[in-house]
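Participant: Place chain B on chain A using the hints.
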Amino acid sequence: MKRVIFILLVSITLTACQDVVDIDVPIDSPRLVIDALIRVDESEADTKIQVKASISSSFFGTLVPANLERITLTNESGGAPLVLTETGSGTGIYQTYANLEFLKFGTLQLSILHDGQSYSARTKYVPSSPIDRLEQGDGTLFDGTETEIIVVFTDAPDRTDFYLFDFDFGEYLVSEDTFYPGQPFKFSYFYDEELKPSMEVNVSILGVDKTFYNYMNQLIAQSSSGDQGPFQTPAATVKGNIINVTEINTAAENNYALGYFAVCQSFERSLIIE
Amino acid sequence: MNIRTRLFFILFLFFCLYSFPQQKYTLSGSISEVASNETLIGVTVAIADLRTGVTTNEYGFYSITLPEGVYNIHVSYLGFQDIIQKIELSQDRKVNFQMREEAEVLEEVVVTDSGERLDIRKPQMSVNTMAVETIKKIPVILGEADVIKSILLLPGVTNAGEGASGFNVRGGSVDQNLILLDEATIFNSSHLFGFFSVFNPDAVKDIKLYKGGIPARYGGRLSSVLDIFQKEGNSKNFKFNGGIGAVASRLLAEGPIVKDKIAFLVGGRASYVHLFLPLFDVDNTAYFYDLNTKINYKLNDKNNIFLSGYFGRDVFGISESFVNTYGNAVGNFRWNHLFSDKLFSNLSLIYSDYYYGLKLDFVGFNWNSGIQNFNIKYDLKHYISDKLQINYGLNNIYYQFNPGKIEPSNSESGIIKEQLIQKYANEFAAYIDIEHSLTENLSLGYGIRFSHFTRLGQEELNVYQNDNPVLFNSELQIYQEAEPIEVSTPGRSESLATFNNLEPRISLAYTIDANSSIKASYTRLAQYLHLLSNTNSPTPLDVWTPSGTFIKPQLLDQSALGYFRTLSEGKYSLETEVFYKTIKNRIDYIDGANLIANDAIEQVILNGEARAYGLELLLRKNEGRFQGWLAYTLSKSEQRTPGRTATETGINAGQWYSTPYDKPHDISVFSSYELNKKWSINANFVYQTGQPTNYPIGQFEFQSLTVPYYGLRNEERLPDYHRIDVSATLTPKKNLGRKWQAEWVFSVYNLYNRKNAAAINFNRNRDNGVNEAVRTSIFGIVPAVTYNFKF
Numbered sequence: 001m002k003r004v005i006f007i008l009l010v011s012i013t014l015t016a017c018q019d020v021v022d023i024d025v026p027i028d029s030p031r032l033v034i035d036a037l038i039r040v041d042e043s044e045a046d047t048k049i050q051v052k053a054s055i056s057s058s059f060f061g062t063l064v065p066a067n068l069e070r071i072t073l074t075n076e077s078g079g080a081p082l083v084l085t086e087t088g089s090g091t092g093i094y095q096t097y098a099n100l101e102f103l104k105f106g107t108l109q110l111s112i113l114h115d116g117q118s119y120s121a122r123t124k125y126v127p128s129s130p131i132d133r134l135e136q137g138d139g140t141l142f143d144g145t146e147t148e149i150i151v152v153f154t155d156a157p158d159r160t161d162f163y164l165f166d167f168d169f170g171e172y173l174v175s176e177d178t179f180y181p182g183q184p185f186k187f188s189y190f191y192d193e194e195l196k197p198s199m200e201v202n203v204s205i206l207g208v209d210k211t212f213y214n215y216m217n218q219l220i221a222q223s224s225s226g227d228q229g230p231f232q233t234p235a236a237t238v239k240g241n242i243i244n245v246t247e248i249n250t251a252a253e254n255n256y257a258l259g260y261f262a263v264c265q266s267f268e269r270s271l272i273i274e
Numbered sequence: 001m002n003i004r005t006r007l008f009f010i011l012f013l014f015f016c017l018y019s020f021p022q023q024k025y026t027l028s029g030s031i032s033e034v035a036s037n038e039t040l041i042g043v044t045v046a047i048a049d050l051r052t053g054v055t056t057n058e059y060g061f062y063s064i065t066l067p068e069g070v071y072n073i074h075v076s077y078l079g080f081q082d083i084i085q086k087i088e089l090s091q092d093r094k095v096n097f098q099m100r101e102e103a104e105v106l107e108e109v110v111v112t113d114s115g116e117r118l119d120i121r122k123p124q125m126s127v128n129t130m131a132v133e134t135i136k137k138i139p140v141i142l143g144e145a146d147v148i149k150s151i152l153l154l155p156g157v158t159n160a161g162e163g164a165s166g167f168n169v170r171g172g173s174v175d176q177n178l179i180l181l182d183e184a185t186i187f188n189s190s191h192l193f194g195f196f197s198v199f200n201p202d203a204v205k206d207i208k209l210y211k212g213g214i215p216a217r218y219g220g221r222l223s224s225v226l227d228i229f230q231k232e233g234n235s236k237n238f239k240f241n242g243g244i245g246a247v248a249s250r251l252l253a254e255g256p257i258v259k260d261k262i263a264f265l266v267g268g269r270a271s272y273v274h275l276f277l278p279l280f281d282v283d284n285t286a287y288f289y290d291l292n293t294k295i296n297y298k299l300n301d302k303n304n305i306f307l308s309g310y311f312g313r314d315v316f317g318i319s320e321s322f323v324n325t326y327g328n329a330v331g332n333f334r335w336n337h338l339f340s341d342k343l344f345s346n347l348s349l350i351y352s353d354y355y356y357g358l359k360l361d362f363v364g365f366n367w368n369s370g371i372q373n374f375n376i377k378y379d380l381k382h383y384i385s386d387k388l389q390i391n392y393g394l395n396n397i398y399y400q401f402n403p404g405k406i407e408p409s410n411s412e413s414g415i416i417k418e419q420l421i422q423k424y425a426n427e428f429a430a431y432i433d434i435e436h437s438l439t440e441n442l443s444l445g446y447g448i449r450f451s452h453f454t455r456l457g458q459e460e461l462n463v464y465q466n467d468n469p470v471l472f473n474s475e476l477q478i479y480q481e482a483e484p485i486e487v488s489t490p491g492r493s494e495s496l497a498t499f500n501n502l503e504p505r506i507s508l509a510y511t512i513d514a515n516s517s518i519k520a521s522y523t524r525l526a527q528y529l530h531l532l533s534n535t536n537s538p539t540p541l542d543v544w545t546p547s548g549t550f551i552k553p554q555l556l557d558q559s560a561l562g563y564f565r566t567l568s569e570g571k572y573s574l575e576t577e578v579f580y581k582t583i584k585n586r587i588d589y590i591d592g593a594n595l596i597a598n599d600a601i602e603q604v605i606l607n608g609e610a611r612a613y614g615l616e617l618l619l620r621k622n623e624g625r626f627q628g629w630l631a632y633t634l635s636k637s638e639q640r641t642p643g644r645t646a647t648e649t650g651i652n653a654g655q656w657y658s659t660p661y662d663k664p665h666d667i668s669v670f671s672s673y674e675l676n677k678k679w680s681i682n683a684n685f686v687y688q689t690g691q692p693t694n695y696p697i698g699q700f701e702f703q704s705l706t707v708p709y710y711g712l713r714n715e716e717r718l719p720d721y722h723r724i725d726v727s728a729t730l731t732p733k734k735n736l737g738r739k740w741q742a743e744w745v746f747s748v749y750n751l752y753n754r755k756n757a758a759a760i761n762f763n764r765n766r767d768n769g770v771n772e773a774v775r776t777s778i779f780g781i782v783p784a785v786t787y788n789f790k791f
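The listed protein sequences derive, respectively, from chains A and B. Per my numbering, numbering through the first sequence is continuous, rising by one, with the last residue being 274. Per my numbering, numbering through the second sequence is continuous, rising by one, with the last residue being 791.
Bound-form chain A, shown alone (with noise of 0.2 Å):
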């Protein structure tokens, strides 16, 4: 939500010219990327586990698919590890399924090998709210071609809750309960371009702990358009939860990866636009 203000604030003030320009860049040396974000269902008896493993690139590079040499799963309170395998040789995208008991309670661990190098990554479940209502509305917002969406949810009552909303299309934005704690809470939601009449929408809602909150906090701010002008914040690196266990105590330029294990119950709602 704050990001909204912020976003808002940042959008109408520079009313300016953009053109594309050539930039030398320069470049990291290649890291492993971890994209082991689980979405849990609960009406589902088991769950997939999917993640995908990259390798870095610059930012004009190309992203190829990592080959990892092991990666499983595990739930540090007992029972055996699960072996994710790969769903085609060379795609990057290894797969199980788990049941929601070894999901929902315990710390689980993920653990990788790369290159010879061991990676490890600890999270706990985290539970979310349902959406009560998504429909589309007719407001607009800057340049009137916006689609606006409305999504109404309670949140859930006696705990602090962070959520992380998956609009689809590649678009994000995370809220936190600070000021609707337990309260049936309503918002809209804008699309920057007109989408068009019977596309299908589908929006989730995830929980996700506070960690993991500003983790993607960060990254949307990052990878979006983000046209922020003098109101820029700094840009990070955006470390995530991968840990390089076998570098662990180096030097501060180790061997990091970069993405995020995180286990996150999720709703999921849609609609087709009108």
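Calculated from the structure, these hints are not laboratory results.
Footprint (simulated), chain A over chain B, 3 or more residues, beta carbon under 8 Å:
1. 411 to 417
2. 474 to 484
3. 588 to 594
4. 757 to 766
5. 776 to 782
Pairwise CB distance ranges, derived in the manner of DEER restraints:
6. A:D19 to B:E715: 17 to 27 Å
7. A:C17 to B:H337: 48 to 58 Å
8. B:S704 to A:P157: 29 to 39 Å
9. B:Y752 to A:G88: 50 to 60 Å
10. A:S77 to B:D767: 44 to 54 Å
11. A:C17 to B:N241: 34 to 44 Å
12. A:Q95 to B:N753: 53 to 63 Å
13. B:Y752 to A:F169: 33 to 43 Å
14. B:T645 to A:M199: 52 to 62 Å
15. A:C17 to B:S493: 54 to 64 Å
16. A:M199 to B:A253: 54 to 64 Å
17. A:P184 to B:S704: 24 to 34 Å
18. B:Y272 to A:P26: 42 to 52 Å
Please read these numbers as outputs of a predicted model, since none were measured by experiment. Idealized CB from N, CA, C, for every residue including glycine.
Facilitator: Just chain B now, kept in the frame of chain A:
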């Protein structure tokens, strides 16, 4: 008391006890403009026979004590006719001078002084004054004469790019400028996020910018003091002046309520910006307005009362769902009282507030925040002899901070009304400031300010384990917010933290010959308020926060050395200075810090440090048809926040990084040419090293986001910035001898239409899926016409 401060007191006592053997009398009075009774600031009253003199203070008062005798008094002020008067001083005398503008007497082309002549004898250095006439000549965007845009052309003054709010002095941040309008603090100097400044140039009499060597009477901000005095109002005749411009129109009225005794001034300005921002359709609004008022009551020779007010607002609205309002309001009562011919006093009671309001209907809430302060100031100026002047005074400011209040904007909204915890503080200061001519060649300015800051109690206060609100996660190598272990309720009567600081100020001038001098200064300053701003340039919704348990006061040490010279009998002047400054406790924010509506701001802040150093050069031509200046600054401004322990990384890996307004090379040229009676032509040229920025060191994908990621902060630079602006002023011939005086100002901003980059953003193009570097440039070539009038 440490040795340094003890030395100060001893020195001070010594000078106070200094006795004067000869019979002496005091010549004092006030100096004003004959047509309006407007008092004049900085008029020189020279006693050539003794090679001494004095200048009028902010209220037009002067006083000088001399041995008995007959003197030729020479009163001079830029743009005014000199007055030379023989005065016999055999008793204390009160002489008021009334000066006549040169323009009124000379029928030929008016060639006025620029109003900013260099004073090589005074120890005060690192100060620039700018006459309103100069400000009005400087070509600016959309022809709207602008105080802040004008000072950006001075050496050592820069900002974080076009459309950035505020200004940066000698590598300091925007919140380190003390901006005073008739002695009241202005918290936000920008309209429309920085495109225009909040001061109506028609209402302004005089501006003075201290970049260093800040006298002890000022305090509370580290980097500069921008002291702006409003006109008092014409107490002889009713006068109107105004203008119609591309952005805004102005009208100012002034006149006597009781002739020669009570005068008023009312000035208003309003914009119609929404007409030129084509992005907004009919539903939307974007405008600003401001109102300046002043009443001046001359009770008698010894007492003067001023009431002044300022009110300004910016309003943005996008359909009904987004409305944003913000601005300053200032009310001010001042009483000048003369205890004797030698002792001038001013009492000020000031209320000032900054308000920020936001209605965000599409997420269902209203938001407002602000800062209020009540300020009592008592300043005395004691003119002991022609060699010695002592200024001293007291100041107390009570602050109330509202970091934010949230309310549901409609009945369906789930937002619960909540007031973020309000904060309170009190800042007290006492100072003594001495201007002293030791010998014919050496003059000194020295003083000390004692400041005492109390962070007052509040309703709730977070308590952290080991008093540490920011944790370092060594596994993830990032800083994280700590959870409070309890919330205490100290209540309003308790004080949470107090700070005391002694702030010495010393400056000296050594006059080499009649035309040149060397000056040096050292300044220590403390700043207790911090603007929470994590962007390149502050936004209007940034809130101020007081120092307290977790956030320490910022402390500055600045030294400067300069060489000053006038050439060709004052036609030209050259000012060169080098400075070095360090700032302790400059706050910085952990990566990804959220500052908006954050009720526990201490969880995202670390105390760091900053430093800046540089060389400034200002070559000025002060008279003739062609006037102007060339300013060059070579400087560096950086900050760092090292880890608190050996295992912590600090912010930016604990390394120094360039501040967003660090511009190593900065050249500004302003020139003005009086072609003939009808036309005058003005031009600016600005060249600056590109601002620091970040280029991504790589990219990765997470979910469906393409994320550019970055390395250390501000390692790269935007392309160099440069532009030329020109303007031409047409004064029609028919003005001669008529009441209605008019002029047309034609201006072109960014003449060669350079696309100066305000930012380069890296993102994936949604339409073609290709990664791009997108340059945003704010203003291309912008022509404008303004019509000014007075009657």
